[in-house]
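Following the hints, complete the assembly by docking chain B onto the known chain A.
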Amino acid sequence: MDVETVKERAGPREFSPKDDLPEEYRKAATRMIQFHANSEIMGAYLERPFIRQAPSLDRKLAFSAKVQDEIGHGQLLYRAAESLGIKSREEMLDELANGEGKFLNCFHYPMESWAEVPMIAFFVDGAAMRRQATLKRTSWEPYAHAMDKVCFEEGFHVKHGEDVMRELATGSKKEQQMLQDAFEQWWPRIIQFFGPTDDQSTHHDFSADVGLKTMTNDELRNAFLNAYVPKAQKYGLEIPDEPRIRDNGDGTYEVVEDDLDWEEFFTIAKNDAPGSHEQIGKRSRTQEAVEWVRSGLESWEHGEDTTAPQAAD
Amino acid sequence: MAAESDRLGGPAELADDERAAVEALLYRLADDELVLAERYTEWQVRAPTLESDLALANIAQDELGHARLWYDLLRDFGYDEADLIFERDPADFRHASLAELPFEDGDWADAVVRSYLYDVAEQLRLEALADASYPRIADRVGKIQSEEAYHREHAQNWLERLADDEASLKRLQAAVDRLFPHALALWEPSDHEETIEDLGLRTESLAAMREQWFDTVIPFLRSLGLEPPEGVRENPEAVRPATIGRDGDHTDDWDALHEEMTRTYRELGREEAHKIMPDPDEADA
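Line by line, the protein sequences are chains A and B. Under this note's numbering, the very last position in the first sequence is 313; numbers go up by exactly one each time. Under this note's numbering, the very last position in the second sequence is 285; numbers go up by exactly one each time.
Please keep in mind that the hints were generated in silico from the structure rather than gathered at the bench. Glycine included, C-beta positions come from ideal geometry on N, C-alpha and C. Do not rely on the hints blindly, as some may be mistaken.
Beta-carbon label-pair distances, calculated as ranges [stated by the list, open to error]: (1) A/236 - B/160: 51 to 57 Å; (2) B/147 - A/233: 52 to 58 Å; (3) A/12 - B/77: 34 to 40 Å; (4) A/289 - B/204: 38 to 44 Å; (5) B/139 - A/12: 48 to 54 Å; (6) A/153 - B/131: 38 to 44 Å.
Excised from the complex, chain A in its bound form (with noise of 0.2 Å):
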């Protein structure tokens, strides 16, 4: 198949391992869904240490669980990328650990306290969860099939970082103060969650014209913030006076790029910011750390776990 035929046929879940592809749309969608995959696996290292320090035994299993999904999000979306026949997950994980793979803006701030963990489990879940809704619609089938579960999941996440919020809205001054302290921090990586506005965006045309990506990022920013600002609001949270964004009365927004600091959003994009030294470290490091395991496994060579039980759902 040409583009121009991919680009004609392009539609929800119309193309799969069975079609033969031009290397253009396959590298493309690699490249989106290995960010994707990364981004799951990433974001785990961000919310691990509040498994332990979660403050009660319900928290933690659930936040124990939740950890445990997103690595099985990353299990989903490495086989879905890896069936394009492109990368293997052995070079995406290899990648990753090494510094050349990419993920979400987010994940490259590490988390200090509790009152953080609503940042991540309810904004940048909640924000990733209206992305991947119209994933379900990615022309690549066995990608909008991997969000089939993921967005289920999702949903469960979500509520669970609302409630955490939730928790801290209702509790004490101090926890309402640290929340809002933490929105404040937080806030304006989550603007940038969905990236510098259309016109200053590389991947997107090609991305849509082949049906990859289904909305543009001003409007997942638009459907974000009219889901979002009156449910921060709700929880008592101030909405920092910086970025600017103005309300245009038909249910979109402007962001006031000028007010967001694009260089550090274009530094972590090179996975070059400080905390993306840190993030990729702990994955180098811990991976570097079990490689003696992987490499006297001889099924390993093929990606395959297939004496150990699986886990269940």
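Showing chain B alone in chain A's frame:
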């Protein structure tokens, strides 16, 4: 089955010494599960493969769930979760030292050996609780047992796989050398052991269970080319470590772990640990 006349009543009907024995037994069970699970979660996002990450996370959550079931029975006596975990003096915890030892970076052999030694012990312990004279305990054994077979299978599979590789076998042996003595702590009595046995809270003695445990783990380890500490069976006391945990004497690693577990609770100035899941009694109903 304990004879009807030997069965104890509910939490409010126990005599003081009966209640003390039930509590002592429950603390051992709950603390073992909580602390071991806490250590298992260290492997989340750090296990050798995505699949092994998911599997060990599953096991950690099972053990946390079991801890929850046992702590819930302590709540029958008026304690809340803050008393039982978050505000409890770390020196009052009664888990075996095996549960609290930290994992060295990347020491998956430790995770596998520890899980095996513990899960075989847990199987024996649960069998001896199935006919406990205290119905609240006996009633919860079945649910836990249903999850434990998977844990043993997981540990055994990994032991077999790693033992196949010469370099990995050496790492397993190092883990056996270090952990086997601490696993003996699982069978150390508490102050109330005599009452626990007399009341039939457990239908096997610790000494008898330890023999059964030896009968299982020693031949299996040997079949893989792994050697338990010399003379452990004839003279376990000589192998047992100085710090066993069961008596409240713990390693410094436990204090550090408890400090980290309770950090948020203290930082937020909380006075209670919030429940978000249904009470086990209601969930079962």
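Check your understanding: Can you name, in rising order, the numbers of the hints this structure does not satisfy?
Key -> As far as the earlier hints go, 2, 3 are violated by this structure, in ascending order.
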